[in-house]
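Asker: So you can see what is in the structure, the chains are spelled out below.
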Amino acid sequence: MAHTDSHTHTEHASQPYHGNTHSPEVTHHEHSFDSRAIWRTFWILLGITCVELIVGMFIAPNFHSLKLMFNILYMILTGAKAFYIIAEFMHLKHEIKNMIMTIAVPALLFIWFLTAFLWDGNSFKNLRNRFDRNHDAKRTEKVTPAHGGEAQKPGAIH
Amino acid sequence: MAQAIPANQKWWSGGRSPFNVEYGKLMMWYFLMSDAFTFGAFLISYGTARFSTNSWPDPNHVFSSFPFAGHAHLPLVFVSLMTFILIMSSVTMVLAVGAGHSNDRKSVVKWMIWTIIGGIAFLSCQAWEWNHLYHQGAWWGQIPTEAGSAFLNADGTKPNTNFSNFFFTITGFHGFHVFSGVIINIIMLIMAYTGVFDRRGHYLMIEKAGLYWHFVDLVWVFVFTCFYLF
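Chains as they are written, first to last, in our numbering: chain A, 1 to 158; chain B, 1 to 230.
Next comes chain A alone, as it looks inside the complex (with noise of 0.2 Å):
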């Protein structure tokens, strides 16, 4: 880093701002920290988090039919906490809009990551569904008590 030979003739004059001020090529032109705006975030993140938990406790478990919904739902949700993560934490909103894009840019192929893969999983479903008889038949293969009409086990949940 420059800041070795560069010291003496610009170190004076960069010190206007406050707090980090150790190197002459970062100007920190921001913020006395803003504790609200990281309360604010945490009450997001619990929020989200509960609106979370008592879907998946309380409503999803009564709409089987519904599920896919429910997992965009989630999906939506946990981005939404990601992001407020990423920017107000991680403080990555506050950067310069180059650097964001470093970050940003490449993080899009999780796009084409997730689409892929998820895709590839599900067409590997259907292909031995369709082909490998075992696989088709453990579909239907209920788990029942071994001899017959045993008590369940203590401990288990039904």
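Note that these hints are calculated values from the structure, not bench results.
One or more of the hints may lead you astray.
Stated by the list, open to error - Heads up, simulated DSS-like pairs for lysine-lysine below, C-alpha to C-alpha not over 25 Å straight-line:
{"no.": "1", "chain 1": "A", "residue 1": "K93", "chain 2": "A", "residue 2": "K142"}
{"no.": "2", "chain 1": "B", "residue 1": "K158", "chain 2": "A", "residue 2": "K67"}
{"no.": "3", "chain 1": "B", "residue 1": "K10", "chain 2": "A", "residue 2": "K93"}
Said to hold, decoys possible - Here are a few chain B residues that sit away from chain A, every Cβ distance over 12 Å (derived from the structure):
{"no.": "4", "residue": "N8"}
{"no.": "5", "residue": "W29"}
{"no.": "6", "residue": "Q126"}
{"no.": "7", "residue": "W130"}
{"no.": "8", "residue": "G175"}
Claimed, not checked - Residues from chain A shown here face chain B by an in silico Cβ test under 10 Å; the list is partial:
{"no.": "9", "residue": "L53"}
{"no.": "10", "residue": "V55"}
{"no.": "11", "residue": "M90"}
{"no.": "12", "residue": "R130"}
{"no.": "13", "residue": "R133"}
Quantities reported herein were computed from a predicted structural model and do not represent experimental measurements.
Backbone N, C-alpha and C define an ideal beta-carbon position, used for all residues, glycine too.
Got chain A sorted already, so can you dock chain B onto it with the hints?
Answerer: Then chain B, alone, in the frame of chain A:
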């Protein structure tokens, strides 16, 4: 939004950092990107395995225990506690970073101690949960398949070991990150306490450790959704 930049600022003409962040912090960001792809690969392979299977264990049945609650059916309560602990320790980490901005050593030490306590609490919860699942018969390569087991597929068919393999591998890898984060935070605490950062004149190391710690929290958000909600 993004930092306001004067129109005539020449970022790329030398003499200053074009991204206006310290070198180490930028490299921490890129390390975390690579780590995100490692976790992404784990979680997406879990998703692929799950998509290729006809049915899967129901998390509401598998994760329904709480310490000292016996056999009470409390789905997802324990994992919500773990999530809360991790979010809370993320907040105390930000407060430590904030205190570092104003070179306030006492507050940095205080908030770092709280962050470390949060990390250790999370790890203890995870140890309890692993131990509990292990004693129910789930482990790498093992899953209980007898009638009435909480691990049966949602449609009542026999589960395969994909569930336990992925669960222990991914939460284990995440737990390892939490563990190393706690170690890093302890080192930061010692350095702050002994005045190393005061002598340096800045607390930038706390920011880098903070980035790592928030990343651990970020990954947990995804692990939580993939294993406990879906």
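Asker: Against each hint, give a clear statement of whether it holds in the structure.
Answerer: Do the hints match the structure? See the list:
1. A:K93 with A:K142: Since the Cα atoms of K93 of chain A and K142 of chain A sit roughly 51 Å apart, the hinted pair is violated (cutoff 25 Å).
2. B:K158 with A:K67: 21 Å, holds
3. B:K10 with A:K93: With Cα atoms ~21 Å apart, K10 of chain B and K93 of chain A stay inside 25 Å; holds.
4. N8: 14 Å, holds
5. W29: Incorrect as stated: the minimum Cβ-Cβ distance to chain A is 6 Å, not above 12 Å.
6. Q126: Since the minimum Cβ distance to chain A is about 17 Å, Q126 of chain B lies beyond 12 Å and the statement holds.
7. W130: Answer for W130 of chain B: holds, closest chain A Cβ roughly 18 Å.
8. G175: 19 Å, holds
9. L53: Interface hint status for L53 of chain A: holds (5 Å vs cutoff 10 Å).
10. V55: This hint holds: V55 of chain A lies near chain B, its Cβ roughly 8 Å from the closest one there, short of 10 Å.
11. M90: Nearest chain B Cβ about 5 Å off; hint holds.
12. R130: 12 Å, violated
13. R133: 13 Å, violated
The structure does not agree with the numbered hints 1, 5, 12 and 13 stated previously, though it agrees with the rest.
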